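Number of protein chains: 2
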Amino acid sequence: MIFSSFDFNKKEPLYIQIEHHIKESINSGLLQKGSKLPSTREVSELLNISRSTVVTAYENLESNGVIKSLKGKGTFVSLELKNEDKAFNIKWDSKINNYANICESLDIIKTELPWEKGMISFKSIAPDETLFDTEEFKRSFLSTWSFQGDKLLNYGYAQGYKPLIEYLLMYMANKGVNTDGKDILITNGFTEAFDILINSLTEPGDKVICENPTHNTALKIMRAHELNIFGVEMTQEGMDLKKLEDKLINEKPKLGFIIPSYHNPTGIVMKGEHRKKVLNLFEKYAVPIIEDGFNEELLYSSSHVPPLASLCNKGNGVIYIGSLSKILFPGLRIGWVLADKKLISTLESVKRARNIHSSFLDQALLFNYMNNGAFNKYLKKVRKHYREKYNFTFSEVMNHIPNEFIMGEGGLHIFVKLKGISSRKVLEGCYKRGVVFTPGDIFYTDGSGDDTLRLGFSKVSLKDIEKGIRVIGEEIKKITLSIE
Amino acid sequence: MIFSSFDFNKKEPLYIQIEHHIKESINSGLLQKGSKLPSTREVSELLNISRSTVVTAYENLESNGVIKSLKGKGTFVSLELKNEDKAFNIKWDSKINNYANICESLDIIKTELPWEKGMISFKSIAPDETLFDTEEFKRSFLSTWSFQGDKLLNYGYAQGYKPLIEYLLMYMANKGVNTDGKDILITNGFTEAFDILINSLTEPGDKVICENPTHNTALKIMRAHELNIFGVEMTQEGMDLKKLEDKLINEKPKLGFIIPSYHNPTGIVMKGEHRKKVLNLFEKYAVPIIEDGFNEELLYSSSHVPPLASLCNKGNGVIYIGSLSKILFPGLRIGWVLADKKLISTLESVKRARNIHSSFLDQALLFNYMNNGAFNKYLKKVRKHYREKYNFTFSEVMNHIPNEFIMGEGGLHIFVKLKGISSRKVLEGCYKRGVVFTPGDIFYTDGSGDDTLRLGFSKVSLKDIEKGIRVIGEEIKKITLSIE
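Those protein sequences? They're chains C and A, same order as listed. Take 1 as the starting number for the first sequence in UniProt numbering and just add one per residue. Take 1 as the starting number for the second sequence in UniProt numbering and just add one per residue.
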């Protein structure tokens, strides 16, 4: 009640003081446009003054357009706020800390050339949503809903939706991982899993080892946490073993981060024996590994490649991050961490402190979808689709883009090393002609890679792949000619 | 191919070396139970040795139970891994940093008395899911699905689902907030919003001001970020103004955190004029405020109470965190931050670095549900339901629990201050009789509050409320008698 703290002074007429008080209440925001005022009777009783004094004040305010009486409804504020100069302002720029500033400065979406409608874009490595089996997903929703809809909308557990956790433990066991003494934490995709791990296991200045180049989101997260990143050069086999061992000996890193299958951005699939050697080196120097299981499901060849996590038996030295986001439903943001049981328990507390848990509805839907066999059917379909598209894109690149080499053997993208030409310069020309791609330098730990580029083809039509790659080839030739 | 890196020595028979190599490949995990071995012909060709040597090796291995030939299918590994001692092990305890350790040590779920089936629990302040309108939610799903299902399952934007953002901007404008120059970021509930803000705006050691007591999750997050927390004592009006100003002058805090409506845990609703005075003090000392809009939707009385964010006009000094998790669908984990536009843009980059974005499916479903009017109908229903339950619980407490005072006027819980008796001691007795509640000390910034307790009633039946509160009252009397 706006008059409850109202004190009269003895100098001004009472009706003026009432007018002034109401105006001030409006300007301070306490009374807002549309707020109902107490009736004149209520005010006169509360302040113990004559009702006619209050009526006079209200009439004056109404004639000034400040308030308005509606017959049978009461009196309402009709004026907007006025003294907006006296706003409570803070210079937020000066309040933002180093972490947030790094996140923003490395947020490539904010610095890259703006996408425009009609462009051919090779930037995305997201799955093609037109392949999603939305009818099957709807069935998952309806069957899940019928018996536990209300429960799924209430709070769940930080570790995740139990049936999904159990399903994924089996899923990992089928990949050859010994899950004894291990457990799973459900996260909002790979990104949250990696961020929680870095946030829980490192301090600014800690040294980490990874492939060079590597996944740029992982690089961004490690940089935002002010880690000291040592990239190990890659051959077609994966990390160079000699250089890896040198870094393990000389830098004594806290952890390693490795993407053994369909490595982002190179597409390299580390072969079984090379995997074992890499693992043995980390073990020899007692440096734990975070393994990114990225795109492991997207095997184009039939050979089984065991994850690093499956090669250390009962050992707990490898933390495995799983995500299906490059294949299935990235919009749901569901990923997982498989690791030592006690470590998962600590990470569960961290997850709870960060956002309580991931959406239980989404976890239940994903579980239902995977568990009823729809996932395997879908996988077969997309493997074939993407393999064909990969082969087509690969041959177009070989035909049109003069390159030093093309790495890798699959995934939803192709990584190209040009012959000493800056890919950003090529991009400038392409952009004018409506074609964009990802310059490779963002994947490098050491600022190199300016003559590389990544072409994501998952969402580009065959016609546009053909046209887009031709344009890139032409722009490269233009630059080559201008140099010669 | 397991023999591609195989070198013979000159000492041992070839077949022994082959056996040994296969056993080692199994023990190292390179070959797993069920893996298919190359045929004897393939091995003999590859290694350029006689096929009978390979056959001998395979036969020996088969008689040892290591491998098994299946007619017409090939030869397969049949042994489990053996040398599990030589596992790659890491002592994770020593790798976990201070942040993660604090998160775990303050994770009350891990330290509190374990809930058992059949207990009467006053611990939760989650909504009662049996009130959820799951049929209406299903309709939201089906209508959303029919025209954009596939898009919702693919990647979205870090800031959030556009229609939901626009809806919430209007929703906030209807609460009287001037949204000019402001914007919204969608988060995984209040917890993520607060964690992102603390993570982006503070450094360890920074001073912050909040109510004492306050929301224990907020306390946990501030402690995990090693902030210096200054709690301001509360009266029935909210923060004590004199003590607030003293702290603002003496401590020069970086920010304030305030829960103006249905304060957790006290239930106090700060009145309009007190709000304005609190805001003016923060403005006077140029200290920005994070406002927790918690339970604002759960007004039991009809008076409109404007959020602090609406009282600073065009000013950007207040960051508002909104969440419906105590009323609607907490399992979806959708909340929002309303703040200065430029600040939101930075926080958007932080959100992208942490988990890319919140589930687009959930955001679209929530938008559809709120936008089609179902939300308002639901709100009316639950307000009435919870108000009646509040009144019942309140009178039961007044009848059975000897208290110094009960604070607040609503919400989904009641906060009681006992007469100098430790609530944890009361809890011990109650636990044995199957009744649990939340000891109030976890909400205090300074270790006090051991004679307070919080009773969440949203999910407890009237019968259990009656019985549970009687038990609590009896246990208090026992202790009182034993002291006298």
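Because the hints were derived from the structure by calculation, they are not lab data. Computed from a predicted structure; not experimentally measured. All residues carry an ideal CB built from backbone N, CA and C; glycine is no exception. Heads up, a few of these hints could be off.
[As the list claims (entries may be wrong)] Footprint (simulated), chain C over chain A, 3 or more residues, beta carbon under 8 Å: (1) 138-145; (2) 160-168; (3) 351-357; (4) 418-429; (5) 468-481.
Hint check results:
no., hint, result
1, 138-145, "holds (count 4)"
2, 160-168, "violated (count 0)"
3, 351-357, "holds (count 6)"
4, 418-429, "violated (count 0)"
5, 468-481, "violated (count 0)"
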